[in-house]
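**Student:** The primary structure of each chain is shown beneath.
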Amino acid sequence: VLSPAWMSALTWAAVGVPVAVAVAWIVPALRRGVVAAAPFAAIPALALAAVHMVSPGTLTPVEAPALFLGLRLGVDTAGGALLALTAVLWTAAGIFARSQHRHDPGRERFFAFWAATLAGNVGLVLAWDLLGFYLAFAVMTFSAWGLVVHDRSEAAVRAGRVYIVLALVGEVAILSALFALGAAAGGGVLLGFELSEAWVALGRGAPLVAGLAVAGFGVKAGLVPLHVWLPLAHPVAPTAASALLSGVMIKAGLLGWLRILPAGGETVLPGVGEALVVVGVIGAFYGVVAGLAQEDPKTVLAYSSVSQMGYLAIGTGLVVLLADASHLALGAVLLFALHHGLAKGALFLSVGVAERVPAGARKTGSGRGTRARWGLRAGVALSALALAGAPLTSGAVAKGALKAGLGELGGAWYAVLDPLLLVAALGTALLMVRFGVVLERKIGTAAEKPGAAASAGDDLAGALPGSTTPGSVPSRSGLPGLVLPWAALVLVGTSAPLWMAGAPPLPDGVAVPGPLDGVLAGVLPLALAIGLAALVLRRPGLTGKLRSLDIPPGDLLVPVTRALARAPRGAGRLSHLAGSGTARLQSAEGAVVHRYERLARGDLALARGPLLALALFGLVVLLVFAMLGG
Amino acid sequence: MTGATPLVSWQALPLAVLLSSFVPGIWIMLLAEEQRRLRTVLNLVGAGAKVVFVGLMLQGIGAGAEYGWRLQVVPGLELTLVGDALALLFVTLSAVLWLVTTVYAIGYLEDSPNRRRFFSFFSLCVTATTGIAMAGDLFTFVLFYEALTWATYPLVVHRGTPEAVEAGRRYLLYTLVSGAVLVLGAVWFQVETGTVGFQSGGVVDPGAAAAAPGRYLALFLVLLAGLSVKAALFPVHGWLPVAMVAPAPVSALLHAVAVVKAGAFGVTRLLHSLFGIEVAWQIGGAGIVAVLASVTIVYGSVRALAQDDLKRLLAFSTVSQLSYIALGVALLTPMAQIGGLVHLVHQGLMKITLFFCAGLLAETLGVKRISQMGGIARRMPLTMMAFTVAALGMIGIPPVAGFLSKWYLGVGALQAGLPWVVAVLLASSLLNAAYFLPVIRTAYLDPPGSAWSGEGDANPVGGPARASGPRRLEADPRLLVPALVAAALALLSGVFGGLDWSPLGWTELIVGRGDL
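Residue numbers (this note's numbering), protein chains in the order written: chain A, 1 to 630; chain B, 631 to 1146.
For reference, chain A alone in the conformation it holds in the complex (with noise of 0.2 Å):
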């Protein structure tokens, strides 16, 4: 479509264009430039994921020797799927957060942590080698931080503690794989993504160090127990960046998997395939159940969050086992990668929009914005229904092919884990139950707030389409850039299996399956979790017991933090020997310092006065005669 100078030049542009918008916070006179730029960075992401869509397979990679170690920046088949989902997602969280952060005193620091962010993200989907994509992963990792802890809040500052420790153990891990690997690469610098000799040259190392790369990535990706972190941040970031981190900052950890793990046929490492299987079949079902015991819509989805990533971990595990059919296996992960990130994406901005929508009835004794109400519930239902994998939407397409790839697999594997999905599915379905009635609490509570715009009802009213309500003026409160967002989202991932057939390229052969395929698998679960929810409500006891369960955000670190705490004996002792040892070292210094200054008291008294001038008038001597003599 496009001649190869402007392709190159829209692929750097991919990526420049946020770094520039994140370094021009610099200047203070620019830093209003960066609160409007940023929401728009990604659009030329956006445009190229375009012409990868219209064209794939055009682009040649794009080289930069002087860049870090030798940059090279391209779309394949897999980062040409995650290019679409990044740039769509980050320009629909960036319309929406134009918005919510319309009055926020710290919008400029946001917006340039949100540049900073993006360019990461799309520098990882780009990146041509791992040293590249190991840069862009950091970059994005580090400065995602300024998002999580962005409203200073005491739960914020803890997440963000959490999310680095966790974030550091995870890079650190990448790490230590990425050195072995090159050393095993001869040294090379430049890693391309061609890593079965390297894989080989490792010999019995390997299991170690993919071991480590799956830990590394696994961190970002909320693999089950490396996820504690997630839970935490994802929620309490704004909702723009959370929609972001658990759309498709997440995908980032599924990326580096595919990008450093060996691929099917060659593969030395079926353990490692395995394991990666078994842990993601933990992580779907651990996910379902922590989140249902959760009060907090957006920890709700971060925990779904948790479960989908592990049909991903299965995915990956596939591409991984599967010999001839790995490309079948890597096709099934970018569907659900892709519906997986429109879905979580829409859900939590929809989250942002109910808190906006102004409550009903029940609350303030009016009526206004029943249609509003009932405009977010229908667009909650259809992004719920396609995360549940109901019939007709993207997560059937989905699940339909990661079972494809599962039935390549065929075995005992296939017999156990076929029916385990189906009870996956149907704990998926619960928590979207789960998540539709602790959102009605969220409904209207940030129109009581105070500072609040007072008229939130009459823009949304506005806003949607179709609606008569009389007050449709341009807002001031900007609800209807929170809203356009968050419905394009619904949009795009409702129609999804109209197009994710075709539209990001996939591998050759892939075969996807018609939305419409397996209904039963999709119809059965759904009409389950729906009985099973209305018995559950109808039943306060029920529900009692459930939250008896009492599972706190975060899950698993709250034990051990605790066991840490509790654990102030040991580590005081282990504190109390470590300070002993120092200050006996400081001691014997002392004494030896001691020793050496009496020895020494007649030269310190060269160092005062006209000995050192004469000592440096013999360098200038020595100098006059070195310039005359050369």
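Don't read these hints as lab results, they were simulated from the structure. Yeah, the Cβ is synthetic: ideal placement off N, Cα and C, and Gly gets one too. There could be a bad hint or two in this list.
[Stated by the list, open to error] To give a feel for the contact side, a few chain B residues facing chain A, derived at Cβ under 8 Å: (1) Ile1027; (2) Ser1059; (3) Leu1061; (4) Leu1067; (5) Leu1122; (6) Val1125.
[What the hints assert, rightly or not] Looking from chain B toward chain A, a few residues come up when the C-beta cut is under 7 Å (computed): (7) Val928; (8) Tyr929; (9) Leu1075.
Dock chain B against the given chain A, drawing on the hints supplied.
**Tutor:** For chain B alone, coordinates are given in the frame of chain A:
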């Protein structure tokens, strides 16, 4: 490399580099305290001239030229200055950082007493450092190494406070004793090998070393003992955290370029130019350096954890980071050597940024302790941004330059078959994060402290002049701009690591040419 022919092939160019700071140093000493303008001009002209000379030499060496200048002192002993690729790595670092530090120091010491003495010795200190960098043999090296001790002492005690005097005494004790050991070692080396010349690949005869490994190891260790004080290797690092009482520009230069780098550079010379790395491994000396450096890396970081005084934290961080250099150059693989050598520059850029920032906080708001830094990023966003960039670089987060050092070191260590080195590196990364990230969190997230003094209030050297005027910038630009420039250099050295002229590119040239 670009440029087919050297622009200047004048052999005495190294001498010109040396004199460009020596002459201002002496001249300033002869001026009166009040001749502020002339002093500033001399400082800046000298620093600028040095950068130009160094630039010419860089271009020449890139085009394949060699520079050398020698003078016979007594028959058999020559003062030898060479400008080769390895020397230029260190000379360029000191020239560039001297320029920014001069600007910073002029701003920092505004209206304080004894500036004549300060700037005079400041210039002589850099002269000695450049001399060490360009020393072509052990004799010249020792000469400048001792001169550096004397030129730095007045800077350490500059404030004249009891702590400063105490720090100066400690500094002199350590360096004088080690200097004596170094002279002893140099003489022994001359007797043993019949030469004191530096040569890439070493001058020690491998056969002779193999015949008497014990004696050669003893010789190696004596020389190492002489060098390890300035290189701040455990357990003789004790002077460094104390010496941070010096004014901020001195600490910056001391920790980034002058004294500590002289030690690290000396260890490089010892391993590569005197013994040769293969011989050094055979006799076991290089292994000892690697282990000592690893211990120091971890020890320095652990000590840094408990500090509340910002400059003291930075000092222990220097102890730790400095040993990356010794560790890298002590390994046999080219990648590890590149990683160690390039850290000479990378650590300098990052650490000088951190010390500049510490000085900025102390000068502008009187903040010297981490516990006083709550919310300070809102008051001084650019300062804290520079600090954050450098701190992330220390942890090893790309694209800041520190990552490149770490990458080369890690891969090189694995190639050398030493996985424990990787463990040390990664532990160091986590420890660095454990003491730098809380500082950053405090500065960005904690509520602003009430302990901040007004502009210039708690400032012992600044006058009321700084309190007035519109608050357009968060701090005096003469302090802020050098910090931002240094941070930008640390970042850009990483971002443009692939350039031939980046520190990394230059180091690859050194190792690739076999100049180490």
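**Student:** If a hint holds in the structure, say so; if it does not, say that too.
**Tutor:** Here is how each hint holds up against the structure:
1. Among the interface hints, the one on Ile1027/B holds; its C-beta lies about 5 Å from the nearest C-beta in chain A, closer than the 8 Å criterion.
2. Because the beta carbon of Ser1059/B sits about 6 Å from the nearest beta carbon in chain A, less than 8 Å, this interface hint is met.
3. This hint is violated: Leu1061/B has a C-beta 11 Å from the nearest C-beta of chain A, more than the 8 Å allowed.
4. Among the interface hints, the one on Leu1067/B holds; its C-beta lies about 6 Å from the nearest C-beta in chain A, closer than the 8 Å criterion.
5. The beta carbon of Leu1122/B comes no nearer than 11 Å to any beta carbon in chain A, farther than 8 Å, and the hint placing it at the interface is violated.
6. Below 8 Å, beta-carbon pairs count as interface contacts, and Val1125/B has one with chain A at about 6 Å; its hint therefore holds.
7. The beta carbon of Val928/B is not positioned within 7 Å of any beta carbon in chain A (closest approach about 13 Å), and the interface hint is therefore violated.
8. The restraint placing Tyr929/B at the interface with chain A is violated, with a minimum CB-CB distance near 10 Å, outside the 7 Å limit.
9. Against a cut-off of 7 Å between C-beta atoms, the interface hint on Leu1075/B holds, since the closest Cβ of chain A lies about 6 Å away.
Against the hints set out earlier in the document, violations occur for numbers 3, 5, 7 and 8.
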